[in-house]
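4 protein chains.
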Amino acid sequence: MQYRFLGNTGTKVSVIALGGWLTHGGHTGNEVAKQTMKAAYEAGVNFFDSAEGYAGGRAEKLLGEAIKEFGWDRDDLVISTKLYWGEHEDGSKDVGLSRKHVLAGMRKSLQRLQMEFVDIVYAHRPDKHTPMEEVVRAFNHLIHKGQAIYWGTSEWSSEEIMDAWRIADKLNLIGPVVEQPEYNMISRTRVEIEYAPLYRKFNLGLTVFSPLRRGILTGKYNKGIPSGSRADKEGSWFKEEVEKGGDMLERVSRLEPLAKELGEGITTGQLALAWTLKHPNVSSAIIGATSVEQVRENLKAVELVEKIDKGLMDRIDEVLGNRPEGVPFRFD
Amino acid sequence: MQYRFLGNTGTKVSVIALGGWLTHGGHTGNEVAKQTMKAAYEAGVNFFDSAEGYAGGRAEKLLGEAIKEFGWDRDDLVISTKLYWGEHEDGSKDVGLSRKHVLAGMRKSLQRLQMEFVDIVYAHRPDKHTPMEEVVRAFNHLIHKGQAIYWGTSEWSSEEIMDAWRIADKLNLIGPVVEQPEYNMISRTRVEIEYAPLYRKFNLGLTVFSPLRRGILTGKYNKGIPSGSRADKEGSWFKEEVEKGGDMLERVSRLEPLAKELGEGITTGQLALAWTLKHPNVSSAIIGATSVEQVRENLKAVELVEKIDKGLMDRIDEVLGNRPEGVPFRFD
Amino acid sequence: MQYRFLGNTGTKVSVIALGGWLTHGGHTGNEVAKQTMKAAYEAGVNFFDSAEGYAGGRAEKLLGEAIKEFGWDRDDLVISTKLYWGEHEDGSKDVGLSRKHVLAGMRKSLQRLQMEFVDIVYAHRPDKHTPMEEVVRAFNHLIHKGQAIYWGTSEWSSEEIMDAWRIADKLNLIGPVVEQPEYNMISRTRVEIEYAPLYRKFNLGLTVFSPLRRGILTGKYNKGIPSGSRADKEGSWFKEEVEKGGDMLERVSRLEPLAKELGEGITTGQLALAWTLKHPNVSSAIIGATSVEQVRENLKAVELVEKIDKGLMDRIDEVLGNRPEGVPFRFD
Amino acid sequence: MQYRFLGNTGTKVSVIALGGWLTHGGHTGNEVAKQTMKAAYEAGVNFFDSAEGYAGGRAEKLLGEAIKEFGWDRDDLVISTKLYWGEHEDGSKDVGLSRKHVLAGMRKSLQRLQMEFVDIVYAHRPDKHTPMEEVVRAFNHLIHKGQAIYWGTSEWSSEEIMDAWRIADKLNLIGPVVEQPEYNMISRTRVEIEYAPLYRKFNLGLTVFSPLRRGILTGKYNKGIPSGSRADKEGSWFKEEVEKGGDMLERVSRLEPLAKELGEGITTGQLALAWTLKHPNVSSAIIGATSVEQVRENLKAVELVEKIDKGLMDRIDEVLGNRPEGVPFRFD
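From first to last, the protein sequence lines are chains A, B, C and D. Going by the numbering used here, the first sequence opens with residue 117, and the numbers climb by one from there. Going by the numbering used here, the second sequence opens with residue 117, and the numbers climb by one from there. Going by the numbering used here, the third sequence opens with residue 117, and the numbers climb by one from there. Going by the numbering used here, the fourth sequence opens with residue 117, and the numbers climb by one from there.
Rather than coming from a laboratory, the hints here were simulated on the basis of the structure. No incorrect hints appear here.
Identical copies carry no separate label here, and so any pair may be met within one copy or between two of them.
Cross-link-like lysine-lysine pairs, in silico, DSS-like; alpha carbons within 25 Å at most:
| # | residue 1 | residue 2 |
| --- | --- | --- |
| 1 | Lys286 | Lys244 |
| 2 | Lys355 | Lys339 |
| 3 | Lys128 | Lys209 |
| 4 | Lys286 | Lys261 |
| 5 | Lys336 | Lys355 |
| 6 | Lys423 | Lys128 |
| 7 | Lys317 | Lys244 |
| 8 | Lys128 | Lys216 |
| 9 | Lys224 | Lys184 |
| 10 | Lys416 | Lys150 |
| 11 | Lys224 | Lys150 |
| 12 | Lys154 | Lys209 |
| 13 | Lys244 | Lys128 |
Since this is a predicted model, take the numbers as computed values, not measurements.
Using the sequences and the accompanying hints, generate a full structural model.
Written out as structure tokens, the structure is:
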């Protein structure tokens, strides 16, 4: 395993993190989910990601139980959660980043996780209805209480992140050190262009989700949607994307020979995962896994990172045909 | 004439300003240019806009001479200039927003204008090579020296304006109160969507340029480029735009009956100009004029603003077919 | 016993402190270690120093147990620990000054010490991988939580201490009030020259370690390394230093008559220890002791401090031949 | 000519600057001195350096006269001076960085230079007798008055520069953006090691003096001191250095073949000058010149910079044998 600093902090995270979206408390059985965690941990993964909104809190619950069960040292782990889509006990929603919800959400998350603190708490989305000062103060409050070590954002625009720093700087508070965006071979502009000024100004770290674009980059949909699969539902997000992305699927299939160059048995998915780690501000790529086998397959990507040189990056760009344009400036 | 506050300041400007781009010191004769100024002034225009980069400084010179000649009270006027594209005495360029250039540029502009101060000094473009702190400090320096009353930006991204405010807030300095973007029926997204958070946060004012999209919105190119006109040059910006905008020209021609509804003789150009003033954050629309007649025609737009109601705005949007999408939020 | 203010604070510490390095939880038996503590305490020592990294946490454990056992009033004592070299329960290392480690390290140290707070928490080394702002904020967090009364540094360069103050001043936080460097007749430059500006600027206090240079200054190695002693191991730090320091050992032996002048039975070691206390910014010299006898011998140094006058200091400097050059300035 | 940003500012300076030390108002005749300035200017040099202490003010006088005489546009030029060693009209000295002297020194320098402002004013040395806050406030005062655009330091330690930034940050004032140290193949540690943290923290720029170590690196003393030359005086600084540097002269002579590799007629001096420009934080190397020919010879170094590749740099290091050791850290 390799480790990187979490953006502009002194804390190191494994370059692959295990996330609980969809898989924890969701369609993957609890026992299998725990086994994927164990496999990841034993391979050196120290970073586990969850959210109050994943499976209505069941993802956090599973994560907490597993850590207790395995008896892992809490301080060995980097645990993150995200606040935005909360739920009251009666099932009613409690959504947003009001100070009231941030404090309540954190309290409930920690109960589910059976922990005193998380290492990173993310604002799961921007909240256009709560003033930025309230948001920045609320997340700083969690840090001051010792319930979180760092705070970050997820899917915020660069302007929103800049605004958070404006408020933090003005009030001498702590700004968001990490953003959790989607990043993969298909979705590139935000990470490669939009956030560029933030790297220069704040050394912003990224923990990216969907590095495999929900499986599309593994090539498994290259020949169309397998009938009966998760994607094979009328109106499903997958189906729409796969159908729209006709050209992209064709391009993905052309990555296969490039993957093979890196070694026998290397898959497009491993190449795609390693590719996200070539970006210097990506601290960690968060994978989901429905089996131990899948964890192991994914972790092989770690060793590929060094092997992917400038020449290969250029050839990948040629295949993808979506390198975002942007001028490198002195202060961006 | 009507007057509006210049963004979040206590200073009022006429909703129509007279600008010197292309016309002052440029292709319009000096005497005619002065007469357009006089006509505007007599109709209540108090806001005259220039830039160090207009006609290599000749625009400012003409503006300064005219004011002296007419004997207008300086304190009745709102005079603005912009710094970025400077020129040394030997013709070499001195470009950017370094403290050195901002100070030198202001000094030279004031000499040309024969003034002690301008009311607004704009950073004519963002400068990716000068640290934002240097820029914010330099424009504040002009204000502290009394050489400018306010400072603003021109064609900055919302993120850059946010960054300027971050620095200003952090250092207890004055932030940019006004932005000068292009805004007209054809170019809408920046003003209507991108800047929206800035209106809420800073009550940012706008002094918009090209409200008539360099004449295209007057309808004069609806039937093609008049041979021998300014646009009728191979490779000219105009020609290219007019030729590309085939569809847009056709749509513009369909605005003509809507203009007529507002009164006999009301032209598409007057409608288009009034339309920019419907945006609540536009403090002033800056027009250029090559004749006194043109000034008078344009000023008639002022009275139309009130007459353009929600229904008409919707019908205009239908014709234009380019209403930017974007959700209006509580804090945006 | 004599007491001095801990640098620029209102807290007084005994000029001799008892430290746990090597001796607590290490090669000295626990019972003997406790007796040395008792002897020191009864002689007026109120300051006991430890670190999370001493003997893998056993030094802190012993210190905590002893205090419980003796039933001393916690508020009579000044207890310090240091964070940097932490260890997880499974033996893996957790090193550095990331906020994550500082918080976890403090929690675990306090558990071992069976205390609610320490009086001083030191950053045991500078951490080039964690931003200074994170470090300064993390130590302030410990103070805000009540887990520490003051924070300090150990073996930081003057520039690093200056940088910590820069951040603390900028953010209105508490800067490091004390540094724990090595200081003795052999190692002088840092304390006498490098830190000089810090005394003037921050009235920085020093709690110095190795005042006897690990025994070398007691003269016990003057005639070479006793066979079978701790120093008598191939490649040991001691052996190397003793062998290299041929000339220094000879000089140390010439201090013996000077010690004798201060009184019958006064040893070179007592002279050397008292000599460190002549520096006005040394708040306390930290000794280690492997026997009660050793504690008592060392404590006799306290009374010598007053007796060592300018003339003797000069003669000591002549013998040592290593007075660092440097001009005493008004603001240094 | 090539230009670089002056440290963390938006102002560009030519990579070779012409300095007035020893040559202006000194042993070079005034007419020759002016001709060297003209030759430099015509070759694209825009940066001229002086000091109140050079030749008792005569260097500044000459610089000012020459600029007037040549009719150069002031805003085309970057003019710097340094304050520390001032002189009253009666010849008595007025030394240091007291607010009183900084203000008086600046006023007198500007009179001698016949200018309204300089671009950079340096604190010519640290002043241990004036509190840093007084120094930082005084130089900011010059900037606020418009008498200087930027301020910097000369021969300050990294700790002193850090302290200046501490005060500037605390008081929201402007810190020193540039340092003027000696830097050449013989004197390397300060620039390559000591200042490293300042590059990371403040993007500190350097305008280095003595890039040729007062001629030693041109090789002209390789065979000893020419009898009757400036260096051939008993007790002269040169004589001492040349005599001491026996080994270094021999090493310098071994650079000659490396210079030849870059092109026919390329001298050791040109190589040595270009070598200083390989350091990324060097904005400009300041040369002195006693003839137009010398200026032209030196300026040829500019084109060599690109040609000196990593391999050649390594071979130079081998010859010099004085590469300073130092660990590259994440935050240094």
